[in-house]
Amino acid sequence: MGYVPRKIASWLAPVMDAGQVLADADAEARHDDGQCPVRLKLFLCHKGADILDLVSDPIDERHAIHRTVLETFVASEDWTRQDVVAGVGSRLEALFKRDLLPETKMLLALFPHRAEAVVKKQCEATLNAARLFISSLEIRTAIRHKNLTIFPIYSPNGHTPSYDLLKEAIEASHAEVTEMSEDGVVSELQIINRGTRRILIPEGIMLTGAKQDRIVNVTVLVAAASTFTLPVSCVEEGRWSSVSHGFKATHYAPHSLRANNNVSVREDRESGGRGHGDQNQVWNDVARTMSDMHVESETQSLPESYEKASDLMAAYGNSISLPEGCSGVLVGIAGRICGMDYFGHADTFTRMWPGLSDAYFFEAARQATDESVIPDRQASDYLDTVRETLNTSHSTLGEGTELHLSDPRITGSALWDMDRLCHLTASTVPEDAP
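In case it helps, my numbering puts the sequence shown at residues 518 to 951.
FYI, nobody ran anything at the bench for these hints, they're computed from the structure. Among the hints, erroneous ones may be present.
[Claimed, not checked] Restraint-style ranges between C-beta atoms, simulated for each label pair:
no. : residue 1 : residue 2 : range
1   : R598      : S836      : 31 to 37 Å
2   : R868      : P554      : 44 to 50 Å
3   : P531      : C553      : 21 to 27 Å
4   : F560      : S653      : 39 to 45 Å
5   : P892      : S836      : 17 to 23 Å
6   : E685      : F560      : 35 to 41 Å
7   : N801      : P840      : 36 to 42 Å
8   : E594      : A831      : 54 to 60 Å
9   : C553      : S653      : 30 to 36 Å
10  : L839      : S759      : 24 to 30 Å
11  : M935      : V760      : 53 to 59 Å
12  : A646      : N801      : 37 to 43 Å
13  : N674      : Q796      : 37 to 43 Å
C-beta: ideal position from N, C-alpha, C; glycine also.
Using the sequences provided together with the hints, build the complete structure.
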């Protein structure tokens with residue numbers, strides 16, 4: 518048993534009693550407080566056809582007001598901004614709040630749901646555009662060294678970025694990444710963008726300094742002249758003391774660690790969170806990685822492990838040279854594709870490659886095996902899977918539209934902005950993942 522709130526009943530009962538509308542309801546999951554929300558479904562009957570009448574002359578002022586609200590409601594279907602649709606509904610309700618027809622009240626109550634539909638429609642259009650764009654990416658001849666295979670990715674129409682990269686913004690003093698407060702929060706950092714351009718912060722990049730080193734959990738575009746809370750995970754378990762006021766952007770984390778972290782981050786996002794990961798899992802992955810590489814760090818710092826393994830990584834770096842003009846790479850290690858990273862412009866990718874390549878070289882050195890050939894077909898199949906399993910997300914933390922992969926074997930995300938794909942990343946879940 519339950520009840521309909523009085524405000525809804527004030528218009529629902531009259532239109533149902535008049536035979537204009539039929540209603541059905543679906544109960545949603547029970548909340549922790551014991552309440553069980555109900556989603557109403559309204560069906561227009563033949564007698565209610567005049568509710569959507571945009572042709573006949575209004576017979577009085579109340580019907581004229583209804584026509585005004587109806588015209589706005591119908592037009593809003595083609596609008597693209599959720600806040601405008603929801604806002605105009607609230608303003609119309611405030612403007613015409615007295616002596617309204619029940620059917621007019623019904624339309625006003627539907628504006629928030631129309632706003633949700635606008636967002637869904639936009640997300641689906643973005644998803645289709647992103648999938649179409651990914652299908653245009655070209656995988657070219659692989660570059661191989663020992664157990665490492667790199668497939669360059671080319672884009673037919675890379676765009677000129679309308680944003681800066683975090684590392685360069687920090688170095689130019691246009692941005693600063695700090696702890697949330699003097700006490701700090703392990704799972705969050707604060708970024709202050711003082712510049713006039715937005716800043717791209719890719720998932721997987723490591724930030725060193727302050728109280729402990731972190732890894733970015735979600736790709737975000739931070740608005741110009743703004744302050745933003747960034748979801749992160751710690752990759753330095755043994756330190757909680759400041760070595761600097763702010764952070765520097767350095768290497769990327771290995772794809773194996775990123776894949777495991779992305780699984781828990783996606784679960785958090787799907788439950789309404791901001792993208793917090795399973796911190797214990799990250800620490801376990803860091804410890805196992807360091808053990809595999811036979812490197813030690815007093816504070817269990819992953820970035821420090823990179824420094825101590827620099828000679829092993831250099832053996833790959835000195836033998837790998839990417840061709841000019843590529844905008845991303847799809848990488849295989851020891852006979853298995855570990856992941857990919859694509860940026861919206863070749864110049865952007867070139868600037869990201871030094872930090873990104875270290876992660877691939879580190880992972881290859883960690884899985885040191887005999888040479889294993891990955892067929893070209895396997896690379897194209899992987900990219901096809903990324904495209905086909907790309908899906909809409911519940912929300913986007915920064916600017917643009919966030920998409921995510923829904924394949925249980927591959928985690929990752931994409932960020933679409935201004936009709937362009939500015940970042941696409943995918944990581945293969947390790948076979949021994951928890």
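Provide an ascending list of the numbers of those earlier hints which the structure does not satisfy. Of the numbered hints, 1, 6, 9, 10, 11 do not hold.
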